[in-house]
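Full structure from sequences and hints, please.
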Amino acid sequence: MGDADLCITSNEKSLLRFTPFTSFVNSSFWFKFTDLKLNHDMLNEVTRHIWGYYSHNDRTGSLMVDCSSFNKEYDNCISRSYAHGYHINTNTIEKFKNLDKNDLLTKYGLQLLNDMKSGEAVKDPSKLVVFLLLTFSDLKKYNFTYWFAFPAILDSSYYICDSPKSLETFMSPDKVRTLSEFHKKLPENQKAFFCFSIKNSEVVLKTIEEFVANAETIFDDFYIAFLDPTSLEHIPGWPLRNLLSLLKFEVPAIRKKPLKVVSMRGEYSNWHSRSVVFSIQYSEQCNYASNENKIIGWEKNSKGKLSPRMVNLATDMDPAKLSSRAVDLNLKLVKWRLQPDLDLSVIKNASCLLLGAGTLGCSVARGLLAWGVEKITFVDSGSVSYSNPARQSLYTFSDCCKSTSKAPAAASALKLIHPGVLARGEIIRISMPGHSEYDMNDVHRITQLVKSHDVVFLLTDSRESRWLPTLLCSAFKKIAITIALGYESYVILRHGIPSDETETKLGCYFCNDVVAPGNSQTDRTLDQQCTVTRPGVSNIAASIGVELLVSLLQHSEKGIATGSDTSCLGKIPHSIRGFIADFENILLCTPAFNQCIACSPIVIKEYLQDSDGFLQKVFCDIKYLPNLTALSQYELIDDELEFPEMSDEDCS
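Sequential numbering from 513 applies to the sequence shown in the working numbering.
If you're looking for bench data, these hints aren't it; they were derived computationally from the structure.
Check the hints yourself; a few may be wrong.
Said to hold, decoys possible - Quick list of the computed label-pair ranges, beta carbon to beta carbon:
| # | residue 1 | residue 2 | range |
| --- | --- | --- | --- |
| 1 | Ala1093 | Ala902 | 44 to 54 Å |
| 2 | Asp553 | Arg975 | 48 to 58 Å |
| 3 | Pro931 | Lys619 | 40 to 50 Å |
| 4 | Asp587 | Ser1011 | 39 to 49 Å |
| 5 | Lys769 | Pro685 | 44 to 54 Å |
| 6 | Lys847 | Pro764 | 52 to 62 Å |
| 7 | Val558 | Lys914 | 48 to 58 Å |
Stated by the list, open to error - Using 27 Å as the maximum straight-line C-alpha spacing, the simulated BS3-like pairs for lysine-lysine come out as follows:
| # | residue 1 | residue 2 |
| --- | --- | --- |
| 8 | Lys1083 | Lys844 |
| 9 | Lys990 | Lys927 |
| 10 | Lys769 | Lys607 |
| 11 | Lys639 | Lys584 |
| 12 | Lys639 | Lys696 |
| 13 | Lys1070 | Lys847 |
| 14 | Lys989 | Lys887 |
| 15 | Lys1135 | Lys1117 |
| 16 | Lys613 | Lys639 |
| 17 | Lys639 | Lys806 |
| 18 | Lys963 | Lys1117 |
| 19 | Lys584 | Lys696 |
| 20 | Lys844 | Lys806 |
| 21 | Lys990 | Lys1129 |
| 22 | Lys619 | Lys760 |
| 23 | Lys860 | Lys687 |
| 24 | Lys697 | Lys687 |
| 25 | Lys887 | Lys629 |
| 26 | Lys817 | Lys769 |
| 27 | Lys1117 | Lys1083 |
| 28 | Lys718 | Lys697 |
| 29 | Lys1017 | Lys927 |
| 30 | Lys860 | Lys653 |
We put the beta carbon where it would ideally sit given N, CA and C, even for glycine.
See the structure below:
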């Protein structure tokens, strides 16, 4: 009798079918991929090896991917097997649609076929379970379009020679229990497919490689087993398909006789009752040359059509987290093409103290928020008035009616805009030189705030209110940026920080003064009491101030950078003076003044030796600072340069 006579025809036996995998994508997979796409892949269309998982304890035939799928090593679990996957993401939906799906499937199917023919799949049978995941991700809307494929070799048909039977028909529960104990000891890459026999009432377990090496002599005694994630009684799971193809290549004689295949299902304790034994034989098409390279495997969608699936995670996400991710998205896109060297983390982690929650404070806060800064603290002692909301973007008419304190109101408004921001408002009055009304408790509070923040913005509306913060930033070496407004002009200045006690540094806001700050709050008309500027000046100045900070943070030396230094974002000037009338900016750089009333060595020394005592003298005695720094000598010189009064006769 020839080989052809031994083949079973479709008229005699039932055609064997296979239950395809059903894909399941845990939402953690998309979140992990989003992170990889934004921070690592960016514009690169990366094909990445991933892990998929399926369980013989499952009844649905699911193959799952989650965040652990991206690990270098698979996440080992006793109740599940792993599959080798390839994740291909396209940058545009058009490319996703136009990609030749058959070519893609064939490419990886031929790789699978090569593993079979080369013997690699015999050594490592886990390579028989392969999947593709083709995706397009709209990270702005959190829409994910995806399509799974489970490549299989369409090399022949298979037939069931007898009705499937329960494993307990052939083995006692004790024998199955022994088999499960042996199975647990197999290497992980050998567990999905294996062989076993019962000889002399003893259970013998072998790997696929051991079976193939001795197939001619042990074929009749052994069962071929695989871990099956399905539960249909007469239909085995998809993993069996490629196993049968492998055995066809490695053991040609296998076509001549029925093959005993065990679908191992359920927990180990239930293997004897849930597992099913199939008697399978290859079809009469013994010559496979004509169609052995045909690959199948694209998954059908929920409607039973060969088409991709879609999922939107925005509705399932915490709105606050969605907001944070959206802010991060816009910034990370900058790194993709425009500024690859931009360090977003240093910006995000910079804690910012805003002294003044008025027009400048509101605008600076919005700029910082747009750059992803997560910690912003407002300091102000005022309340929202009816003139504020039109110019100060964080306040509303309701705040005016309630006369809400500015600092807490500004912090609350920021949280409404971006719930992820750590914003708070402190009602503190900043004590000033020459103002005998001071509160040391407020002084101590603002001192602690300066110490606990990385950056301080000086945004108050009087010169003398900037003195104490300037002193504190100099003493504690904090980055300080002053923004001041005129009617149609502005100045933005970053205060210098010395790298050591002897090095020359950039000047502070007071370094160009030869007159000590006095009380500028008294004897002022209405137009002098209010900040009267062209409405656009504050937004322009605030934006430039924020951009100056961001550029400074990109420099390796941060606040110590010189006025001529640059970062990946460009220049880091010491000061910027702008004039709206001419639409002109002038960049200036001035060194620190050795007799400065705010940052000179003598002032810092006196403060550090006796902070409270020193500050009380400054607040109570307007002459104390000029005398301490010898600045008063400049006033005397100025007096000496005055011309004597002349009489009419002198002019005749």
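Results of checking the hints against the structure:
1. Between Ala1093 and Ala902 the CB atoms are about 23 Å apart, so this pair departs from the stated range of 44 to 54 Å.
2. Under the hint 48 to 58 Å, the C-beta atoms of Asp553 and Arg975, about 51 Å apart, fit the expected range.
3. For Pro931 and Lys619, the hinted distance range of 40 to 50 Å is satisfied, since their beta carbons lie about 45 Å from each other.
4. Remark: the range hint 39 to 49 Å for Asp587 to Ser1011 is upheld by a beta-carbon distance near 48 Å.
5. For the pair Lys769 and Pro685, the supplied restraint of 44 to 54 Å is violated, since their beta-carbon distance comes to about 29 Å.
6. For Lys847 paired with Pro764, a C-beta distance near 56 Å keeps the hint of 52 to 62 Å intact.
7. Checked against the hint of 48 to 58 Å, the pair Val558 and Lys914 passes, with Cβ atoms roughly 54 Å apart.
8. With a C-alpha separation of about 22 Å, the suggested pair Lys1083 and Lys844 falls inside the 27 Å cut-off, and the hint holds.
9. With a C-alpha separation of about 26 Å, the suggested pair Lys990 and Lys927 falls inside the 27 Å cut-off, and the hint holds.
10. For the given pair, Lys769 sits about 48 Å from Lys607 by alpha-carbon distance, which is inconsistent with the 27 Å threshold.
11. Among the hinted pairs, Lys639 with Lys584 is consistent with the structure: their alpha-carbon atoms are about 16 Å apart, no more than 27 Å.
12. Of the pairs offered as hints, the one joining Lys639 and Lys696 holds, with about 19 Å between alpha carbons and a cut-off of 27 Å not exceeded.
13. As the CA atoms of Lys1070 and Lys847 are separated by approximately 20 Å, the hinted pair is consistent with the 27 Å bound.
14. For the proposed pair Lys989 and Lys887, the alpha carbon gap of about 19 Å is at most 27 Å, so the pair holds.
15. Under the criterion of a C-alpha separation no larger than 27 Å, the hint pairing Lys1135 with Lys1117 is consistent with the structure, at around 18 Å.
16. At most 27 Å may separate the alpha-carbon atoms for a hinted pair to count; Lys613 and Lys639 meet this at roughly 21 Å.
17. Restraint check for Lys639 and Lys806: the C-alpha separation of about 18 Å stays at or below 27 Å, so the hint holds.
18. Taken as a hint, the Lys963 and Lys1117 pair is honoured in the structure, with Cα atoms around 17 Å apart against an allowance of 27 Å.
19. Pair hint Lys584 plus Lys696 holds up; C-alpha atoms about 23 Å apart against a cutoff of 27 Å.
20. Between Lys844 and Lys806 the CA atoms are separated by roughly 43 Å; this puts the pair beyond 27 Å, and the hint is violated.
21. A hinted pair counts as satisfied when its Cα atoms are at most 27 Å apart, and Lys990 with Lys1129 qualifies at roughly 24 Å.
22. In summary, the hint linking Lys619 to Lys760 is supported, as the alpha carbons are separated by about 21 Å, within the 27 Å threshold.
23. A distance of roughly 61 Å separates the Cα atoms of Lys860 and Lys687; the hinted pair therefore is violated under the 27 Å criterion.
24. This hinted pair checks out: Lys697 and Lys687 have alpha carbons roughly 16 Å apart, not beyond 27 Å.
25. With a C-alpha separation of about 60 Å, the suggested pair Lys887 and Lys629 falls outside the 27 Å cut-off, and the hint is violated.
26. Between Lys817 and Lys769 the CA atoms are separated by roughly 37 Å; this puts the pair beyond 27 Å, and the hint is violated.
27. At most 27 Å may separate the alpha-carbon atoms for a hinted pair to count; Lys1117 and Lys1083 exceed this at roughly 33 Å.
28. Distance hint between Lys718 and Lys697 is fulfilled; the C-alpha atoms sit about 12 Å from each other, no more than 27 Å.
29. For the hint pairing Lys1017 with Lys927, the CA-to-CA distance comes to about 37 Å; that exceeds 27 Å, so the pair is violated.
30. Restraint check for Lys860 and Lys653: the C-alpha separation of about 23 Å stays at or below 27 Å, so the hint holds.
Hint compliance for this structure: hints 1, 5, 10, 20, 23, 25, 26, 27, 29 are broken, all remaining hints hold.
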